[in-house]
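There are 2 protein chains.
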Amino acid sequence: MDLKELYLDIEKYLDKEITLQGWIRNHRKQKEFGFIDFSDGTCFKHMQLVYDNKLKDFDEIQKFHIGSAITVVGTLIKSQGSGQDYEVAVKSIKLEGDCPEDYPMQPKRHSYEFLREQAYLRPRTNVFQAVFKIRSVAAQAIHNYFQKNNYVYVHTPLLTTADCEGSDQMFKVTTLDMNKVPTKEGKADFSKDLFGKQTYITGSGQLHGETFAMAFKKIYTFGPTFRTENSNTKTHANEFWMIEPEMAFMHLDDLMNVEEEMLKSVVSEVLEKCHNELEFLDKFVQNGLIEKLEKLVSSAFVRITHHDAIKLLLESGEKFEFTPSYDDDIAKEHEKWITDHFNSPVFIYNWPKDIKAWYMKLNDDGKTVAAVDLEVPGSGELMGGSEREIDMDKLEELVKIHNVDRKQIEWYLNLRKFGGCYHSGFGMGFERLIMYLTGIENIRDVIPYPRTPGNCEY
Amino acid sequence: MDLKELYLDIEKYLDKEITLQGWIRNHRKQKEFGFIDFSDGTCFKHMQLVYDNKLKDFDEIQKFHIGSAITVVGTLIKSQGSGQDYEVAVKSIKLEGDCPEDYPMQPKRHSYEFLREQAYLRPRTNVFQAVFKIRSVAAQAIHNYFQKNNYVYVHTPLLTTADCEGSDQMFKVTTLDMNKVPTKEGKADFSKDLFGKQTYITGSGQLHGETFAMAFKKIYTFGPTFRTENSNTKTHANEFWMIEPEMAFMHLDDLMNVEEEMLKSVVSEVLEKCHNELEFLDKFVQNGLIEKLEKLVSSAFVRITHHDAIKLLLESGEKFEFTPSYDDDIAKEHEKWITDHFNSPVFIYNWPKDIKAWYMKLNDDGKTVAAVDLEVPGSGELMGGSEREIDMDKLEELVKIHNVDRKQIEWYLNLRKFGGCYHSGFGMGFERLIMYLTGIENIRDVIPYPRTPGNCEY
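Line order of the protein sequences matches chains V and Z.
Reminder that position 186 of the first sequence reads as 276 in our numbering, one-by-one numbering, no gaps.
Reminder that position 435 of the second sequence reads as 525 in our numbering, one-by-one numbering, no gaps.
Please keep in mind that the hints were generated in silico from the structure rather than gathered at the bench.
Not everything, but these chain Z residues come out facing chain V in the computed CB check (under 8 Å): (1) H233; (2) F261; (3) C511.
This one's a predicted model, so the numbers in the text were calculated from it and none came from an experiment.
From the three backbone atoms N, C-alpha and C, an ideal C-beta is built for every residue, glycine too.
Given only the sequences and the hints, what does the whole structure look like? Please build it.
Okay, structure coming up:
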């Protein structure tokens with residue numbers, strides 16, 4: 091049986107014979123006794139296995155190495171020792187798979203750097219058991235929130251021939267032999283490629299998402315996303331997962347409501363389902379983690395315009411490396427000051443139009459767009475969204491200014507022609523959320539197999 | 091409010107004023123009255139809006155085109171006409187977005203071919219409202235099943251430098267300028283590429299999934315998958331979604347149990363949540379659809395070895411285009427005969443080793459592997475799985491025979507060294523499932539934006 095099942099109703103199994111299958115995390119040997127720290131990965135808690143020299147395989151069992159896979163039959167009893175309430179008195183242990191003594195995952199504290207090099211083994215450590223379980227539960231919590239609220243989950247395509255987001259940020263995809271690319275008039279001959287055209291992996295499903303919002307009113311995407319950014323920071327990866335909801339008949343105010351409600355719902359569900367994992371992370375990774383998350387659920391998020399945020403920063407008397415400016419983006423140090431100042435998540439909205447994406451709705455002032463970023467204490471920007479421009483004339487103008495190939499997105503523009511309506515959407519980087527939920531500071535440590543410039547191992 | 095909310099508790103809103111936002115699907119005009127067939131996409135059911143010439147905007151409203159986006163305020167009343175129980179007596183309608191008369195989605199039956207060319211508009215038609223809603227609900231049902239049963243959802247990487255699945259089936263991914271690939275000694279110089287190596291998009295997350303199964307016992311993946319296959323059939327697409335669960339301490343028998351239980355759970359949930367959608371599809375797409383799905387849920391799946399299946403086929407007296415053979419794969423016509431014969435889903439297991447993948451567990455007979463395909467009536471193969479080979483010597487041999495680059499998958503082989511255990515997994519093509527659930531016969535019509543050879547539009 092799974093340890094998870096056992097712990098869910100443990101009194102029921104007291105003094106009963108049970109069979110468990112999993113791995114030896116640690117092994118203490120005494121002359122007449124042995125103690126195995128056992129885990130099967132189905133829950134964060136381990137189980138102590140106790141065996142004594144009355145077992146005929148005693149000598150054999152004492153030789154079992156850390157990391158080995160075993161099947162154990164025994165009786166669940168109240169623990170004699172301290173440190174746990176229950177333990178299993180072993181009747182037999184079968185070695186399913188041995189593990190040599192040079193096994194890299196010894197029961198001691200390893201550095202994150204070392205563990206990254208052992209990416210295929212690190213999910214067996216406590217910290218990664220916690221992180222990747224939370225990743226799984228958070229993903230489900232996101233689905234739960236949207237499905238409960240009548241959103242349709244849409245699988246937008248990853249392969250695309252439209253480079254409207256700027257092909258310099260997108261990976262190229264091909265079936266041609268890269269060592270011998272066929273050419274025509276001195277250029278690659280994509281007519282020989284599988285799709286007959288230069289093809290990319292998209293960096294966003296938003297435009298396609300909008301087409302489905304015009305049919306289902308409320309939709310969301312949740313899938314892998316790719317950026318070619320050649321930057322080695324703690325928050326950038328070339329492959330990551332993103333959630334992009336899009337809602338018809340929605341203005342910016344309601345968009346903020348959705349973002350706030352969704353985040354609180356997800357954090358609540360993780361608090362409820364991952365208590366043991368969070369306790370561990372609170373103790374060993376980020377002190378105060380649980381308090382931070384509980385506070386988020388119960389606080390009302392602050393809403394402030396970009397203009398007022400800059401004003402606050404300028405009047406703060408703080409010495410910033412970058413001087414805050416009404417026309418500019420907000421630097422990381424500014425984000426930090428603002429979330430510290432309010433001690434709460436903060437929506438900053440109505441941004442200068444020149445620093446935001448071309449499809450965002452121009453406000454009546456002609457200077458700002460109806461865009462909003464959500465900044466959370468300790469992690470910075472978690473979501474970015476906007477109302478979308480639906481005025482066809484303005485959109486045509488924007489397409490020209492931003493050098494977007496009009497022909498490739500004619501279908502997108504047509505959405506405004508064929509029963510368009512005001513609508514809004516946002517994007518949330520899933521790894522940002524997991525970093526916030528776990529207190530882990532490097533994006534490489536919340537992705538099973540992270541891809542960063544120069545690193546595509548495993 | 092959403093139509094979905096309204097229908098959930100419709101008696102409560104009777105004679106109350108409500109506000110709805112959505113689209114005009116049809117518009118019948120009479121001299122003194124008008125009837126609008128209204129839908130907002132949040133549920134399959136529409137709502138009839140009735141207005142009369144007492145409204146001051148009567149003439150204006152009569153001009154509203156099909157496809158337009160509107161906000162309507164009115165009173166929910168018992169319907170006077172036939173065809174529906176309730177309707178909305180309009181107080182006012184605001185036109186949010188007009189739609190021209192040449193709108194391609196007129197309320198008549200369009201061919202699938204025509205609708206594929208209008209991929210961005212087709213989700214507004216009844217059939218695609220049904221298909222894509224079922225796609226969304228089925229995705230959630232899959233997550234629900236696995237999460238409920240303690241599986242951890244793992245995001246395996248899509249970018250990979252390991253071509254162990256055969257790079258001829260994988261897309262190449264690059265940041266290099268395809269028109270001017272830098273070379274070194276006559277070959278592409280991948281040291282200048284973002285990852286410093288030739289990189290691919292993977293066609294399976296299984297190998298990575300196994301590493302997580304050795305940590306969490308039970309895991310699943312659910313993500314997009316890519317194949318370069320240059321084949322134009324009703325069942326092939328170059329981009330599709332796949333589910334790949336992997337379970338430690340599991341033999342083939344239990345694997346079949348999981349597959350059967352999971353499929354029944356998903357079909358039950360879709361039957362429960364998508365009754366209106368299925369009724370429509372049953373009537374217009376595949377007669378008997380609901381009966382087929384209900385039968386699946388209540389039937390015990392047949393289990394038969396490949397050997398016995400071939401024997402049955404040979405003894406059937408049937409004239410097949412391809413003669414069944416004990417050493418060969420089972421053709422589509424054979425699949426069909428077998429599922430017709432049993433009138434039930436059928437597990438065919440223990441396949442000849444030479445026609446299956448290299449990582450599958452060799453049975454004691456030395457001739458067959460512990461692999462299983464699930465065939466379902468009307469759709470053929472829905473899942474394929476196997477127990478994995480864990481004998482290191484056999485695996486080393488297999489790697490050699492199948493020309494797999496040992497160095498690139500050393501980590502995978504190490505799983506057998508570091509506390510390995512018997513384990514099994516399967517893959518299910520998500521689109522195959524959706525085709526089965528909807529009765530739709532072409533994979534292009536269950537994917538929002540299908541990618542097939544020569545086709546990468548939108």
